[in-house]
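Undergrad: This is what each chain is made of:
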Amino acid sequence: MKRNSIHKGIQLDFWKVVSLILMIILTIFLLYPLITIGYKSLLNTEGQFTLSNYKDFFTLKYYTSALGHSFLVCSIATVFATLVSVPIAYLSSRYNVAWKKALNMIIILSMISPPFIGAYSWILLFGRSGVVTSFLQKIGINMPSIYGFGGIILVFTVKFFPMIYLYVSGALGSMDASLEEAAENLGMSKIRRIMTVTFPLILPTISAAMLMAFMAALADFGTPMLIGEGYKVLPVLIYQQYLSETGGDATMASTLSVIIILCALLVLILQKFIVNRRNYTMSMLRPPAVVCLKGWKRFLVTAVCYLVAFIGILPQLTVLFTSFLKTSGPLFVKEFSLDSYRSIISKLGSSITHTFVYSTVAIIIMIAAGLLIAYLSVRKKNKINTVLDVLVMFPYVIPGAVLGIALLLTFNQKPIYLTGTWFILVLAYVIRKLPYTVRSSSAILYQIDPAIEEASINLGVSPAKTFFKTTAILMIPGVFSGAIMSWITTINELSSSVMLYTSKTATISVSVYTEVIRGHFGTAAALAVILSITSALSVLLFTKLSGGRSITL
Amino acid sequence: MSRDVHIVDAVKTYGDFNAVDHVDIDIQAGELFTLLGPSGCGKTTLLRMIAGFNSIEGGTISFGENVINNIPAHKRNIGMVFQNYAIFPHMSVYDNVAYGLKARKLKKAEIEERVTEALAMVQIENLRDRQPANMSGGQQQRVALARAIVIHPDILLMDEPLSNLDAKLRVQMRTTIKKVQKKLGITTIYVTHDQEEALAISDRIAVMKSGRIQQIGKPKEIYTRPSNEFVANFIGISNILQGEIKENNEGNARISLMNDVNIHMKLKEKEEEKPVKVSVRPEEFRMDDSTKPGIHGKIILKTFLGDYISYEIELTNGQSVEVNQYLKETAREYDAGDTVSLNPMENKINIYDLSGEEALVDEKKQYS
Chain A
84 MKRNSIHKGI
94 QLDFWKVVSL
104 ILMIILTIFL
114 LYPLITIGYK
124 SLLNTEGQFT
134 LSNYKDFFTL
144 KYYTSALGHS
154 FLVCSIATVF
164 ATLVSVPIAY
174 LSSRYNVAWK
184 KALNMIIILS
194 MISPPFIGAY
204 SWILLFGRSG
214 VVTSFLQKIG
224 INMPSIYGFG
234 GIILVFTVKF
244 FPMIYLYVSG
254 ALGSMDASLE
264 EAAENLGMSK
274 IRRIMTVTFP
284 LILPTISAAM
294 LMAFMAALAD
304 FGTPMLIGEG
314 YKVLPVLIYQ
324 QYLSETGGDA
334 TMASTLSVII
344 ILCALLVLIL
354 QKFIVNRRNY
364 TMSMLRPPAV
374 VCLKGWKRFL
384 VTAVCYLVAF
394 IGILPQLTVL
404 FTSFLKTSGP
414 LFVKEFSLDS
424 YRSIISKLGS
434 SITHTFVYST
444 VAIIIMIAAG
454 LLIAYLSVRK
464 KNKINTVLDV
474 LVMFPYVIPG
484 AVLGIALLLT
494 FNQKPIYLTG
504 TWFILVLAYV
514 IRKLPYTVRS
524 SSAILYQIDP
534 AIEEASINLG
544 VSPAKTFFKT
554 TAILMIPGVF
564 SGAIMSWITT
574 INELSSSVML
584 YTSKTATISV
594 SVYTEVIRGH
604 FGTAAALAVI
614 LSITSALSVL
624 LFTKLSGGRS
634 ITL
Chain B
2 MSRDVHIVDA
12 VKTYGDFNAV
22 DHVDIDIQAG
32 ELFTLLGPSG
42 CGKTTLLRMI
52 AGFNSIEGGT
62 ISFGENVINN
72 IPAHKRNIGM
82 VFQNYAIFPH
92 MSVYDNVAYG
102 LKARKLKKAE
112 IEERVTEALA
122 MVQIENLRDR
132 QPANMSGGQQ
142 QRVALARAIV
152 IHPDILLMDE
162 PLSNLDAKLR
172 VQMRTTIKKV
182 QKKLGITTIY
192 VTHDQEEALA
202 ISDRIAVMKS
212 GRIQQIGKPK
222 EIYTRPSNEF
232 VANFIGISNI
242 LQGEIKENNE
252 GNARISLMND
262 VNIHMKLKEK
272 EEEKPVKVSV
282 RPEEFRMDDS
292 TKPGIHGKII
302 LKTFLGDYIS
312 YEIELTNGQS
322 VEVNQYLKET
332 AREYDAGDTV
342 SLNPMENKIN
352 IYDLSGEEAL
362 VDEKKQYS
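Going line by line, the protein sequences match chains A and B. FYI, the numbering for the first sequence is 84 to 636, going by this note's numbering. FYI, the numbering for the second sequence is 2 to 369, going by this note's numbering.
Read the hints as simulated data drawn from the structure, not as lab findings. Ideal Cβ positions, reconstructed from N, Cα and C, are used throughout, including at glycine. Hints are supplied without guarantee of correctness; some may be wrong.
[Stated by the list, open to error] Computed cross-link-like contacts, PhoX-like style, restricted to lysine-lysine with a CA-CA straight-line distance of at most 25 Å:
#: 1; chain 1: A; residue 1: 380; chain 2: A; residue 2: 183
#: 2; chain 1: A; residue 1: 552; chain 2: B; residue 2: 278
#: 3; chain 1: A; residue 1: 99; chain 2: A; residue 2: 464
#: 4; chain 1: A; residue 1: 377; chain 2: A; residue 2: 273
#: 5; chain 1: A; residue 1: 144; chain 2: A; residue 2: 315
#: 6; chain 1: B; residue 1: 349; chain 2: B; residue 2: 278
#: 7; chain 1: B; residue 1: 179; chain 2: B; residue 2: 219
#: 8; chain 1: B; residue 1: 293; chain 2: B; residue 2: 271
#: 9; chain 1: B; residue 1: 221; chain 2: B; residue 2: 169
#: 10; chain 1: B; residue 1: 108; chain 2: A; residue 2: 548
#: 11; chain 1: B; residue 1: 267; chain 2: B; residue 2: 221
#: 12; chain 1: B; residue 1: 76; chain 2: A; residue 2: 99
#: 13; chain 1: A; residue 1: 380; chain 2: A; residue 2: 99
#: 14; chain 1: A; residue 1: 183; chain 2: A; residue 2: 377
#: 15; chain 1: B; residue 1: 109; chain 2: A; residue 2: 548
#: 16; chain 1: B; residue 1: 108; chain 2: A; residue 2: 552
#: 17; chain 1: A; residue 1: 497; chain 2: A; residue 2: 587
#: 18; chain 1: B; residue 1: 219; chain 2: B; residue 2: 349
#: 19; chain 1: B; residue 1: 103; chain 2: A; residue 2: 552
#: 20; chain 1: A; residue 1: 552; chain 2: A; residue 2: 463
#: 21; chain 1: B; residue 1: 179; chain 2: B; residue 2: 247
#: 22; chain 1: B; residue 1: 184; chain 2: B; residue 2: 219
#: 23; chain 1: B; residue 1: 76; chain 2: A; residue 2: 548
#: 24; chain 1: A; residue 1: 463; chain 2: B; residue 2: 76
#: 25; chain 1: A; residue 1: 552; chain 2: B; residue 2: 109
#: 26; chain 1: B; residue 1: 221; chain 2: B; residue 2: 293
#: 27; chain 1: A; residue 1: 548; chain 2: B; residue 2: 219
#: 28; chain 1: A; residue 1: 463; chain 2: A; residue 2: 548
#: 29; chain 1: A; residue 1: 464; chain 2: A; residue 2: 221
#: 30; chain 1: B; residue 1: 179; chain 2: B; residue 2: 169
#: 31; chain 1: A; residue 1: 548; chain 2: B; residue 2: 106
#: 32; chain 1: B; residue 1: 180; chain 2: B; residue 2: 210
#: 33; chain 1: B; residue 1: 106; chain 2: A; residue 2: 552
#: 34; chain 1: B; residue 1: 219; chain 2: B; residue 2: 278
#: 35; chain 1: B; residue 1: 221; chain 2: B; residue 2: 184
[Said to hold, decoys possible] Between beta-carbon pairs, the in silico distance windows are:
#: 36; chain 1: A; residue 1: 96; chain 2: B; residue 2: 31; range: 31 to 41 Å
#: 37; chain 1: B; residue 1: 90; chain 2: A; residue 2: 476; range: 24 to 34 Å
#: 38; chain 1: A; residue 1: 463; chain 2: B; residue 2: 168; range: 34 to 44 Å
#: 39; chain 1: A; residue 1: 261; chain 2: B; residue 2: 308; range: 56 to 66 Å
#: 40; chain 1: A; residue 1: 559; chain 2: B; residue 2: 356; range: 50 to 60 Å
Same shape as in the complex, but just chain A (with noise of 0.2 Å):
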């Protein structure tokens, strides 16, 4: 029997060049990175083969309880942040609030805010000479302190629950409202309604987001770097350790970023263990019914509602009005001016230029790769693509100042010598935010149908004509709508920017970082200003070109 190799051939060449070179870039860019961080953390300085890096680890206080601290900061917000942001997403799906547009801007402005601009700002408002505490001080009422554990939990609280939201009231919204009739039907009351099905068909969602929520906690350096003060936790330590390191091996350091990919991966493992058991698939027939409230009962709703938001939305309306602060040296003066703009239109000018040369390459860059690694994994299924898919999401788990160590102890010598270069940070904007650009597009490839592309095959186009005629282009909004969360974040991007920078090729978020440890705050607040807005601009023309569609989480 002759096996049909020429036609097959052809057919799936395009395809299979696209993935090998996709898996060359991949392992020369992220898995060698990641080889390298594990090999020299079972070195010792002699850069002889050992354990005991691992064995110290384990051992010495110093490290286990930096361990200790990251798991139960991580794991306190996270609930924390659910406890107050499910019942708000509930509130605001099924009720009408007021105004509910302008509130899930404010939520998802307060989401996209810069990093550590949190830690900073509940320093300004509650630290030890802080507004608040201040004023109250003088009235006779002594603020708890915080700083340390309290501070790090209240902060991660407030950044992350704005996430949850999101993806629960996406999932709230997209619920099939027949399911709850049916309950109601068979005279289940509400709160129990409520519990028994509501509830557990939005659990596989919130489950998904309190992961998002504590590996992004778990990741986090700048906040615990500012408000933590005495208190270590893990990303905190790599970046300590690896700048005391310099010069040597940073063995150490290497040793932890394993431990903390290890601790992330694990807690991934769990809750994929944990949702896979527990899908559903629902076919969404009518959206649910949206309760209509009255008088006081709809103000309440609206106002608990809105509390919450301007909690979230809080820091980035101090650093907003403080921006336009007289400073004197770090102190702000009661006096409004634009000091604190020229002052970093003339000095720190060039930051803004490098954020917005370096995310714009980035984003050319992930929408591309996006693209077809999306439609690899969903329609060209097999194993080296599977490979490739893990590795593209993989970065989920890795935080960015260890992936930012991973390039810098790989890149440092010949024959790939990247170190101190704008495109080091380029390359680890890509392989961080690449995932979400990613997701949105598999997700989209999955309601195109492949007949489509059959079609244009069968009326005489080839197949690599064929994708960009029709899937490509029916793609385009799942793209945009990952691409502006990857946009986003990588404007924002602190921890890795931080490891990767010098002088010449310093971003806004580095420059925000230096400003504050240098004590202008007055600065840091204009530099943040300039992200936030241009975050908000972004989300506003997405919204307004894809016509109301949300962005993808």
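Guided by the hints, dock chain B onto chain A, whose structure is given.
TA: Quick look at chain B alone, frame taken from chain A:
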């Protein structure tokens, strides 16, 4: 230009399962040929092998003299209508239909002319500039048909093209398809699981099951002389009754039906005395009062269906059979609860061996 199609010993394997299992079919130029069978029988797999979307793992498929096994899908010059139409949602009707012509790099004026002609043929000239999003299923189906025929394909393939339409529209589109096909004289391979649709539209039908051809023939042949029990049951309804060949005298056989009634038929001469299956369609029974000879039964359910009445009858041995009585030829109407006597029409019914695989009737002599 229309072409004849030859499928020789075609095989498609998934793992160790043969989705298409050594299939041979010859299709004449200009014929509307249907692959009919239940889902999973391999009909769509075979169609996609012809289109080039499934590889051909054994045997050959040729258009005229040309073996197409190794020609990539986009160079086969085949028109195809997909089950869910696969209209390009980002293009107007005109651009959809012109798509294949642009791929062939025709001149603009010629594209214009051919698209207009194709749209006219499927009666949707007025939809020319519409976007597909706000078009009905029937309209999309017409666009899909126009898009497939406008490239003047050697072969036209249709994959369950009517399955997403409602019943009335389905009959209407069926007529349109058949008219367009005859007018263009284009060799067409049509896939469906709907036996009524297949009988209505086809010049010839291949009935498939488990990747194998069960029977190839004209609609009437397949209906009146199914080659095995599966085909008899899949095309229309057949009541299978137990019987036994009592004598076979050079093809003149006497069969005892349920040890009750003797019937006389022309069987193949070699058949000897043995138990057989007797296949009787609902309209192949004569129904009389229970005083007359025949197999006896009691009417359980009577269903009025317009031009005929369908009775469900429980025979004395407990078996249920379906019997149709056409209004215009009805001597007497019966009611539920009545007992009746049934006699099969000997010139129409079919006899199979006990496995149900082999037809025993001598076709040349039997059917009138």
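Undergrad: All hints, please: hold or fail.
TA: Checked hints:
Between residue 380 of chain A and residue 183 of chain A the alpha-carbon distance is near 16 Å, which keeps this suggested pair within the 25 Å criterion. About 57 Å separates the Cα atoms of residue 552 of chain A and residue 278 of chain B, which puts this hinted pair outside 25 Å; it is violated. The hinted pair formed by residue 99 of chain A and residue 464 of chain A meets the criterion: a straight-line CA distance of about 11 Å does not exceed 25 Å. Straight-line distance between C-alpha atoms of residue 377 of chain A and residue 273 of chain A comes to about 19 Å, which keeps the hinted pair within the 25 Å bound.
Restraint check for residue 144 of chain A and residue 315 of chain A: satisfied, since their Cα atoms lie roughly 12 Å apart, inside the 25 Å limit. A C-alpha spacing of about 14 Å is found between residue 349 of chain B and residue 278 of chain B, which places the hinted pair at or below 25 Å, so the restraint holds. Between residue 179 of chain B and residue 219 of chain B the alpha-carbon distance is near 15 Å, which keeps this suggested pair within the 25 Å criterion. In summary, the hint linking residue 293 of chain B to residue 271 of chain B is not supported, as the alpha carbons are separated by about 34 Å, beyond the 25 Å threshold.
For a cut-off of 25 Å, the pair hint linking residue 221 of chain B to residue 169 of chain B stands: about 24 Å separates their Cα positions. Between residue 108 of chain B and residue 548 of chain A the alpha-carbon distance is near 20 Å, which keeps this suggested pair within the 25 Å criterion. With a C-alpha separation of about 20 Å, the suggested pair residue 267 of chain B and residue 221 of chain B falls inside the 25 Å cut-off, and the hint holds. Between the alpha carbons of residue 76 of chain B and residue 99 of chain A the distance comes to roughly 20 Å, so the proposed pair stays at or under 25 Å and holds.
In summary, the hint linking residue 380 of chain A to residue 99 of chain A is not supported, as the alpha carbons are separated by about 60 Å, beyond the 25 Å threshold. Proposed proximity of residue 183 of chain A and residue 377 of chain A is supported: the alpha carbons are some 15 Å apart, at most 25 Å. About 21 Å separates the Cα atoms of residue 109 of chain B and residue 548 of chain A, which keeps this hinted pair within 25 Å; it holds. With a C-alpha separation of about 20 Å, the suggested pair residue 108 of chain B and residue 552 of chain A falls inside the 25 Å cut-off, and the hint holds.
With a C-alpha separation of about 21 Å, the suggested pairing of residue 497 of chain A with residue 587 of chain A holds against the 25 Å cut-off. With a CA separation close to 17 Å, the supplied pair residue 219 of chain B and residue 349 of chain B stays within the 25 Å bound. A threshold of 25 Å between alpha carbons decides the hint, and for residue 103 of chain B with residue 552 of chain A the separation of about 12 Å falls inside it, so the pair holds. About 18 Å separates the Cα atoms of residue 552 of chain A and residue 463 of chain A, which keeps this hinted pair within 25 Å; it holds.
Straight-line distance between C-alpha atoms of residue 179 of chain B and residue 247 of chain B comes to about 47 Å, which puts the hinted pair past the 25 Å bound. A C-alpha spacing of about 20 Å is found between residue 184 of chain B and residue 219 of chain B, which places the hinted pair at or below 25 Å, so the restraint holds. For the given pair, residue 76 of chain B sits about 14 Å from residue 548 of chain A by alpha-carbon distance, which is consistent with the 25 Å threshold. A distance of roughly 21 Å separates the Cα atoms of residue 463 of chain A and residue 76 of chain B; the hinted pair therefore holds under the 25 Å criterion.
As the CA atoms of residue 552 of chain A and residue 109 of chain B are separated by approximately 19 Å, the hinted pair is consistent with the 25 Å bound. Note on residue 221 of chain B and residue 293 of chain B: the hinted pairing is violated, with a Cα-Cα distance of about 32 Å set against a maximum of 25 Å. Distance restraint check for residue 548 of chain A and residue 219 of chain B: the Cα-Cα separation of roughly 41 Å exceeds the 25 Å cut-off, and the hinted pair is therefore not satisfied. Proximity of residue 463 of chain A to residue 548 of chain A is assessed by CA-CA distance (about 16 Å); at most 25 Å being required, the pair is judged to hold.
A C-alpha spacing of about 67 Å is found between residue 464 of chain A and residue 221 of chain A, which places the hinted pair above 25 Å, so the restraint is violated. Using a Cα cut-off of 25 Å, the hinted pair residue 179 of chain B and residue 169 of chain B holds, with the two alpha carbons roughly 16 Å apart. Distance hint between residue 548 of chain A and residue 106 of chain B is fulfilled; the C-alpha atoms sit about 14 Å from each other, no more than 25 Å. Pair hint residue 180 of chain B plus residue 210 of chain B does not hold up; C-alpha atoms about 29 Å apart against a cutoff of 25 Å.
Pair hint residue 106 of chain B plus residue 552 of chain A holds up; C-alpha atoms about 15 Å apart against a cutoff of 25 Å. Proposed proximity of residue 219 of chain B and residue 278 of chain B is supported: the alpha carbons are some 24 Å apart, at most 25 Å. Between the alpha carbons of residue 221 of chain B and residue 184 of chain B the distance comes to roughly 23 Å, so the proposed pair stays at or under 25 Å and holds. Taking the beta carbon of each, residue 96 of chain A and residue 31 of chain B are about 36 Å apart, inside 31 to 41 Å as hinted.
Distance hint check for residue 90 of chain B and residue 476 of chain A: the Cβ-Cβ separation is about 29 Å, which falls inside the suggested range of 24 to 34 Å. Taking the beta carbon of each, residue 463 of chain A and residue 168 of chain B are about 38 Å apart, inside 34 to 44 Å as hinted. Range check, residue 261 of chain A to residue 308 of chain B: about 40 Å between beta-carbon atoms, so the 56 to 66 Å window is missed. Range check, residue 559 of chain A to residue 356 of chain B: about 58 Å between beta-carbon atoms, so the 50 to 60 Å window is met.
The structure fails hints 2, 8, 13, 21, 26, 27, 29, 32, 39 (numbered hints given earlier, in ascending order).
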